[in-house]
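Novice: Here are the chains, one letter per residue:
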Amino acid sequence: MGANSTTPRTDIRISGLSKVFGSGSAAVAAITDANLEIRHGEFVSLLGPSGCGKTTLLRIIAGLEIPTAGSIEVRGKPVWSGTVRSTEATRPVSMMFQEARLFPWFTVAENVALPLRIAGIDRAKRRERAHEICETVGLKGFEDHRPTALSGGMRQRASLARALVTDPEVLLLDEPFGALDAMTRDALNVELMEVCARAKVTTILVTHSITEAAFLSDSVVVLAPRPARITNIVEISFERPRDLDLQRRVEFQDMVGHLRHLLTGAAA
Amino acid sequence: MSPRSQRLFLPIAAVIVFLAGWSLYVHTAVVSAFVLPPPEAIVAALSKMVFDPKLWHHVLVTATETVSGFVIAVLLGVFLGFFMARIPPVEWAAKPFIIVFQLIPKIALAPLFILWFGFGLESKIVISAALAFFPVFSNALVAFKSIEPGDRDVMVILQARPMQRFVMLELPTALPVILTGMEVAVVLAMIGAIVGEFIGGNEGLGFLAVSYLQNLAVPDLFGVIVLLTLMGLILYALIGRLRAWLTPWHVSTTHAM
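Chains as they are written, first to last, in the numbering used here: chain A, 1 to 268; chain B, 1 to 257.
Think of the hints as simulated: they come from the structure by calculation, not from any bench. Hints are not guaranteed to be accurate.
Claimed, not checked - Computed from the model, here is a short list of chain B residues facing chain A with C-beta under 7 Å:
id, residue
1, 93
2, 146
3, 149
4, 150
5, 157
6, 163
7, 164
8, 167
9, 170
Stated by the list, open to error - Just some of the chain B residues that point at chain A, by a computed CB distance under 10 Å:
id, residue
10, 27
11, 76
12, 148
13, 153
14, 248
15, 252
Here a beta-carbon is modelled for each residue, glycine too, at the ideal position from N, C-alpha and C.
Using the sequences and the accompanying hints, generate a full structural model.
Specialist: Shown next, in the form of structure tokens:
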């Protein structure tokens, strides 16, 4: 990700980042000496097998894990000052998880509006905004349902709506569609790409699907386990907007092959 | 007969057969009607009792003690459960006291509470609360500990303040389990009130039961037992209503309806 004078500002800067869980002989390095810069509006995937530290890296960016060494800045502000999570640095950061994590005591609209409620926005305004964003992610008509009444795909739509309702600058996605069937997953990935492009949000996606990473991303960060580390950063320059037909093209297949080669090479 | 009407008919029929069998047994067997009065004698005693305003005073006293003890137990149990789930060192420090207080037969403390808090309502409320406390407390402790880390992450990302986290995540997560503790606790609260009235005092249904026994008015004694059962049933049903009102989303509610 070479920087030159015409590129947009850097949204996320990670330098010398390491995380060790446990101590002494039981210590496990979850990520070692990671360096990464992500520009505003970029879609970046963290790709690697289980145990490569991709989720840990994402959780450190979110401020959910405290790094053992190194620094992480969001738009120039350090996420961690000592052991304290900076609310200022993490305010524009939004996150979506593999499970929808909707609260069953709220309706879909109430779940989607939860970030606004916590931020102290009044009821009428947040209801209006929740309905607006529900329409964007294809949940129109489901606003007053309970989350338990929704299918897995619809729940993840609601979860995405909740992540986008505050107009975040940075969107962190931890295998958000990993538990869904292939068809739903493809459809949601296309929509995700469109929504992220329209919102001009910087997106970091954790995935172990090579196709997904190649299809969605502007660049793919390849990670390897034992020791968990970043091995390659690959630019993906297919023109946008992209649709599922892209996946049938030779260049795309070549890119997938290249990424697979990097992954297996890194694992060996 | 359809399964639906069978479900309505069978329990009613079973109760009628039971009461008829009871009556028949008392009238034909060697057991004295004085020791075990037939159902119709109990009904007669009851219908005389309910027109006595003094009875309703006793009912009110027992209800007041039970509800007060129960409310104290719930407030204290939920507060301490949350506090200890939140700050584990507090739980570690309190552990010996929790275990000992849990193992003591609380009923055995009743005379002590009478000594400390007198023969009035206060001692009964304390006994009632002591009995009702543990089911609420231990359920609240487990419930507040069982909040999923993934749900906590959501609240961290959303930068929720502690009070927001409590109202929007922790309390709703814990409520179904706390309510289960409350169902047990409400019955224990009533037992506590009655035991208190047995050993010291001059009002309440427990006191009434003892005085009927001393007068060998056995049908009236049975009448008091029937009233206490009804009171327990009403309290238990109220918790059920509370569950439907507070946790309409939960399977414990949707399956019950």
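Novice: Against each hint, give a clear statement of whether it holds in the structure.
Specialist: Results of checking the hints against the structure:
no.	hint	verdict
1	93	violated, 25 Å
2	146	violated, 15 Å
3	149	violated, 9 Å
4	150	holds, 6 Å
5	157	holds, 5 Å
6	163	violated, 11 Å
7	164	holds, 6 Å
8	167	violated, 10 Å
9	170	violated, 11 Å
10	27	violated, 56 Å
11	76	violated, 25 Å
12	148	holds, 8 Å
13	153	holds, 6 Å
14	248	holds, 8 Å
15	252	violated, 12 Å
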